[in-house]
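2 protein chains.
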Amino acid sequence: MSKILTIGEILVEIVATKRGNGFREAVPLIGPFPSGAPAIFMDQAGKLGQDCAIISRVGDDDFGWVNIDRLKADGVDVSGIEVVPHGTTGSAFVRYREDGSRAFVFNIRHSACGTIELSDKTLALIDTCTHMHVMGTALYAPSVVKSILTAVERIKAAGGTISFDPNLRPEILDAPGMREALQVVLAKTDLFMPSGEELFLFAKASTEKDAVDELLAKGIKAIVVKRGAKGSSYFDGDNALHLPGYEVEEVDPTGAGDCFGATFVTFWLSGMHPADILRYANASGARAVTKAGPMEGASTRSELDALIQSQGNA
Amino acid sequence: MSKILTIGEILVEIVATKRGNGFREAVPLIGPFPSGAPAIFMDQAGKLGQDCAIISRVGDDDFGWVNIDRLKADGVDVSGIEVVPHGTTGSAFVRYREDGSRAFVFNIRHSACGTIELSDKTLALIDTCTHMHVMGTALYAPSVVKSILTAVERIKAAGGTISFDPNLRPEILDAPGMREALQVVLAKTDLFMPSGEELFLFAKASTEKDAVDELLAKGIKAIVVKRGAKGSSYFDGDNALHLPGYEVEEVDPTGAGDCFGATFVTFWLSGMHPADILRYANASGARAVTKAGPMEGASTRSELDALIQSQGNA
Numbered sequence: 009m010s011k012i013l014t015i016g017e018i019l020v021e022i023v024a025t026k027r028g029n030g031f032r033e034a035v036p037l038i039g040p041f042p043s044g045a046p047a048i049f050m051d052q053a054g055k056l057g058q059d060c061a062i063i064s065r066v067g068d069d070d071f072g073w074v075n076i077d078r079l080k081a082d083g084v085d086v087s088g089i090e091v092v093p094h095g096t097t098g099s100a101f102v103r104y105r106e107d108g109s110r111a112f113v114f115n116i117r118h119s120a121c122g123t124i125e126l127s128d129k130t131l132a133l134i135d136t137c138t139h140m141h142v143m144g145t146a147l148y149a150p151s152v153v154k155s156i157l158t159a160v161e162r163i164k165a166a167g168g169t170i171s172f173d174p175n176l177r178p179e180i181l182d183a184p185g186m187r188e189a190l191q192v193v194l195a196k197t198d199l200f201m202p203s204g205e206e207l208f209l210f211a212k213a214s215t216e217k218d219a220v221d222e223l224l225a226k227g228i229k230a231i232v233v234k235r236g237a238k239g240s241s242y243f244d245g246d247n248a249l250h251l252p253g254y255e256v257e258e259v260d261p262t263g264a265g266d267c268f269g270a271t272f273v274t275f276w277l278s279g280m281h282p283a284d285i286l287r288y289a290n291a292s293g294a295r296a297v298t299k300a301g302p303m304e305g306a307s308t309r310s311e312l313d314a315l316i317q318s319q320g321n322a
Numbered sequence: 009m010s011k012i013l014t015i016g017e018i019l020v021e022i023v024a025t026k027r028g029n030g031f032r033e034a035v036p037l038i039g040p041f042p043s044g045a046p047a048i049f050m051d052q053a054g055k056l057g058q059d060c061a062i063i064s065r066v067g068d069d070d071f072g073w074v075n076i077d078r079l080k081a082d083g084v085d086v087s088g089i090e091v092v093p094h095g096t097t098g099s100a101f102v103r104y105r106e107d108g109s110r111a112f113v114f115n116i117r118h119s120a121c122g123t124i125e126l127s128d129k130t131l132a133l134i135d136t137c138t139h140m141h142v143m144g145t146a147l148y149a150p151s152v153v154k155s156i157l158t159a160v161e162r163i164k165a166a167g168g169t170i171s172f173d174p175n176l177r178p179e180i181l182d183a184p185g186m187r188e189a190l191q192v193v194l195a196k197t198d199l200f201m202p203s204g205e206e207l208f209l210f211a212k213a214s215t216e217k218d219a220v221d222e223l224l225a226k227g228i229k230a231i232v233v234k235r236g237a238k239g240s241s242y243f244d245g246d247n248a249l250h251l252p253g254y255e256v257e258e259v260d261p262t263g264a265g266d267c268f269g270a271t272f273v274t275f276w277l278s279g280m281h282p283a284d285i286l287r288y289a290n291a292s293g294a295r296a297v298t299k300a301g302p303m304e305g306a307s308t309r310s311e312l313d314a315l316i317q318s319q320g321n322a
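Going down the list, the protein sequences come from chains A and B. Each residue of the first sequence is one higher than the last, beginning at 9 in our numbering. Each residue of the second sequence is one higher than the last, beginning at 9 in our numbering.
Derived from the structure by calculation, the hints contain no laboratory data.
The calculated lysine-lysine pairs, modelled on DSS-like cross-linking and capped at a C-alpha distance of 27 Å, are:
(1) B/K26 x A/K299
(2) A/K217 x A/K238
(3) A/K26 x B/K299
With the hints as constraints, model all of the structure from the sequences given.
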């Protein structure tokens, strides 16, 4: 029986309900929504009935409990979430601009999840897991990077597998030592899950096919390229699959890539055929954008089946 | 020419627009409003044309600029506000319960303003000021307490005056060394500005008159007791004045005590008669509650005159 682990930020997200640029005046908002890319990923895995756990930290405040309560309700093992006394739960304020891009005000590094370190308890939790998902957003502080690398080593050494979604902000890539850390993760990666141009982050090639071949030659077993509303592709030594996205009405794209990823990893661990996995993952990403709030659109398997059947099996 | 200084937290405030208990689900909100008791106080002083400055820290984010821009526009010397690279501006989420009490989620200690320390630049700024207002809410971190005590000593030693609004949260009172720090401040205080029962924080007496006499005997020159909508009282060796509050429609009481205080201190420094000062301060507190947002209800002198005249000079 597989169990997925991730380590990284847990946040609340506060969303401006009117479009515009930033937060220099009082505007209508809605929140707190449970959030943080690793948390969204795990919530989606949990909703699919997958055994899974997250290691993180929150403050002893309502924003921490919003997340713990949700993750627990959706089946995630929350025993690795430490509640830091006098700590502050991380937050992200998001406002969509007229052009669809997003303006953020983050509080991550100085929040409780900026202090993640492993303990005897979380090391023991790591050893109950058979798969580690590395989320690039989580590489925001040296102690978190170290915790992630430790978990990757332990799980891989015990015969487990690693998936890696670069999901990198530019300022993370430029941080000292970060490219080296990413190379370490990549060298252990079984399943690489870039979005669009991120495929070229760790390849010298200039075409998609060459980049895929270059990365597979490094020992990566499979590559999934996420293309948002346009669907996704899957590559391994034997297969090159392309599936279009499902047609849905987009309300809020935040979290869609994370739901896609969790669904892909969950079914990949179950041994499903790649074409079927890609179909479920596309459906999961599509459903995610139909709801306001980052993890509000996470799906159960029957919800995914319903979408797939309604659109003629894509 | 007098110049007022304060040192302490600058925050954004995010307010739930529906009553209820806390933030364990997504609710409609409005914000960010510029906030923080010391910032509200200074904004009100600035709007009255009083020379004034605040020493604080904010993050290099929209929430910091919301505050700096507002304070600057209202005439406050913002040269003592340091913008911390990669820092996070403090925040306070507020939700009113059905009974009128408030539930908060604070981020103060782990925010930029949790790291306030004096520098050559801010020490030079202190030496341009003739009056220091100590806000009890600002005593949240050892380095801030130290900065405040340094400013109190320097301004007092140069012949300046000190006002002190205890405005204390219970957890601050219980912090190690805090009661000692408060005694140091009280020993230097010229104008003591408690709200209601706070009058008894530093007195052994059990009646208001005895407590006032006890505090005046310690060397405090004047005491102003704030009573919210019920008005306020003023005591010195010669006067005992009581004025009722102005009748207004309360929208949001946050910041009213700070506006009252800033108005009182501003006119007290100008040498106005205590009865007139109390009238202006009551009008300032009354106007403050008529606007949503902590410093949105700060008033100009002509706005205060208009309210006073409209209600027959109280």
